[in-house]
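All chains, full assembly: derive it from the sequences and hints.
If you're matching them up, the sequences are chains A and B in order. First residue of the first sequence: 0, per numbering that gives the first Met the number 0; consecutive thereafter. First residue of the second sequence: 0, per numbering that gives the first Met the number 0; consecutive thereafter.
Please keep in mind that the hints were generated in silico from the structure rather than gathered at the bench. The structure presented is a predicted model; accordingly, all values stated were derived computationally and were not measured. Where is the CB? At the ideal position from N, CA and C, for every residue including glycine. Heads up, some of the hints might be wrong.
[Said to hold, decoys possible] Far from chain A, by Cβ distances over 12 Å, these chain B residues were calculated: (1) K13; (2) K20; (3) N55; (4) N61; (5) D86; (6) V93; (7) Q102; (8) S128; (9) G156.
[Stated by the list, open to error] Computed list of lysine-lysine pairs in DSS-like fashion (alpha-carbon distance at most 25 Å, straight line): (10) A/K103 / A/K113; (11) B/K176 / A/K36; (12) B/K144 / A/K36; (13) A/K64 / B/K176; (14) A/K36 / B/K163.
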Amino acid sequence: MEFKDNIPIYLQIEQYLYRQIALGKMKAGEKIPSVRKLALELTVNVNTVQRALQQMNDQGILYTKRGEGNFVTEDTELLAKTKQTLIDNELDEFVQNMEKLGVKKENLITILEKYLKKCEG
Amino acid sequence: MNDLLTVKDLTYRKNQKTILKDANLNLSSGKIVALLGENGAGKTTLMRIIAGVAKNYKGEVNLEGTTKEAARKAKLSFTDGLTGFSDSTKIKDVVKFYATIFQDFDENEFDELRKFMKLDNDMKLSQLSRGMREKLIIALTFARKADLYLLDEPFGGIDAMARKKIINSIILWKDEKATILISDHFVNEISSLLDEVVIVKDHTILEHKSADDIRQNHETIEEYYESFYADEDDE
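In structure tokens form, the structure reads like this:
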């Protein structure tokens, strides 16, 4: 896992974990790896992982069982909302990039439809 | 947060040359901190003074309420390049020496570190590559139970695999309350680990900032560090 060095790492760890959850690599109700294991896997400071997990606890995506570790919420509504946020973020970036290329918002749909048709062949 | 280490108005001269002038630094517990600066900026001297190895400085160095050099030495772990040992010394003899000198040296802990670093107890210091030597220094340093660990340029001239091992050992062995100060003149290899950055330049400590505060401004740690040297490139 490569992090961008100009964005706080804990925010990027959050994004990474959101993605793991959205992709089903970490499932509802399942225990996530320990703080130290995540730190090692991502080559980051234990404090930084803790900060990310704390935020996700506050948001309700994770919950802590005392002495057992962190678990993914079983609240399917919240999980769906989280996935939608990830999709929105991707779309945001897409729209911004297209604007930089000179594509106006009102033309996006047409361009996208054309492209998808081309992909289908 | 409680201060672990306070350096106040530190000035150090050697052979009529100023090496450090009015340096001030506060470190709290539980952090990984980079000490960044060019070669000759005074990083090693600062570490040696904090460690109680370099003496006859002006100013105050306070580690958890104690300013006495001997007491500081007992509370912090610093391995000064293995300079006191002859080349024919075996690793196990260095370990014996450490276990005798330092009460908090844990031989079992060292053995785990040694295995992790893939070092052989019977190897002589002369047989060690630069990377192996650095790994041995780290293993010796972390085998002590201290509140402050000082790592002096642990990544100088070593290959990527040795670097990875050392970085992983920091993540695995660092106690929650311990603080690690790592000096380096190249920040990229450790930037993802850092809580804080300290800049040494012009024989003093210029800045001390949290890594996240730097990134919050959309600046990389490297850009931040290089900004202190920008004026020199223009000349």
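Each hint tested on the structure:
Annotated as non-interface, B/K13 keeps its C-beta farther than 12 Å from every C-beta of chain A; the closest such distance is 35 Å. Interface exclusion of B/K20 from chain A stands, the closest Cβ pair being 31 Å apart, more than 12 Å. For B/N55, the non-interface assignment is confirmed: its Cβ lies about 36 Å from the closest Cβ of chain A, beyond the 12 Å cut-off. Every CB of chain A is more than 12 Å from the CB of B/N61 (nearest about 24 Å), matching its label as outside the interface.
A cut-off of 12 Å between C-beta atoms confirms that B/D86 is not in contact with chain A; the least separation is 34 Å. With a cut of 12 Å on Cβ distances, B/V93 stays outside the contact zone with chain A, its closest approach being about 27 Å. With a least beta-carbon separation of about 27 Å from chain A, B/Q102 lies farther than 12 Å from that chain, consistent with its non-interface assignment. For B/S128, the condition that its CB be more than 12 Å from all CB atoms of chain A holds, with the nearest at approximately 23 Å.
The Cβ of B/G156 sits about 21 Å from the closest Cβ of chain A, beyond the 12 Å cut-off, so the non-interface label holds. Taking the CA atoms of A/K103 and A/K113, the gap is about 15 Å. The hint holds against a cut of 25 Å. Taken as a hint, the B/K176 and A/K36 pair is honoured in the structure, with Cα atoms around 18 Å apart against an allowance of 25 Å. At most 25 Å may separate the alpha-carbon atoms for a hinted pair to count; B/K144 and A/K36 meet this at roughly 22 Å.
For the hint linking A/K64 to B/K176, the alpha-carbon distance of about 23 Å falls within 25 Å, and the restraint holds. Only pairs whose Cα atoms come within 25 Å are accepted, and A/K36 paired with B/K163 is accepted, the gap being roughly 15 Å.
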